[in-house]
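The UniProt record's numbering numbers the first residue of the sequence shown as 1 and each following residue consecutively.
To be clear, the hints were calculated from the coordinates, so they are not data collected in a lab.
Take every hint as true, because none was put in to throw you off.
Capping the alpha-carbon separation at 16 angstroms, the derived lysine to aspartate or glutamate pairs in EDC-like fashion look like this: (1) LYS47 with GLU31; (2) LYS47 with ASP35; (3) LYS47 with ASP63.
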Amino acid sequence: MAYGKAEDPARSITPHLDGVEYPATREELVEAAADSEAPVDIINILKSLPQEEYMLRDHVLRDLAEAERRFAMNGLKDDDGVDRDRRNIGRDRIEGASEGETRHP
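With the hints as extra help, turn the sequences into a complete structure.
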């Protein structure tokens with residue numbers, strides 16, 4: 001995944017954070033990326049961010065490496081101490097969605 005300058009824009013997370021107002025929760029970051037039509041991999045990395053709330057964009061950028069490691073390693077505990085299985089991120093939201101709501105989070 002690309003995080004900064006001189007990168008393939010299609011693999012970059014940073015453009016999907018442009019419209020976010022801080023402080024922002026992890027869920028707000030995920031929603032902003034989904035609204036900007038980010039690829040599923042980027043959305044899943046944002047879902048793996050270690051903190052629940054971010055005061056500044058720089059704090060999100062600092063934690064992206066940890067988020068990617070968490071997503072890749074599967075099963076690392078979040079900051080709240082919960083061991084979450086990240087293999088099927090978004091599955092429950094889609095499978096339990098009401099009629100007409102089939103867009104991946």
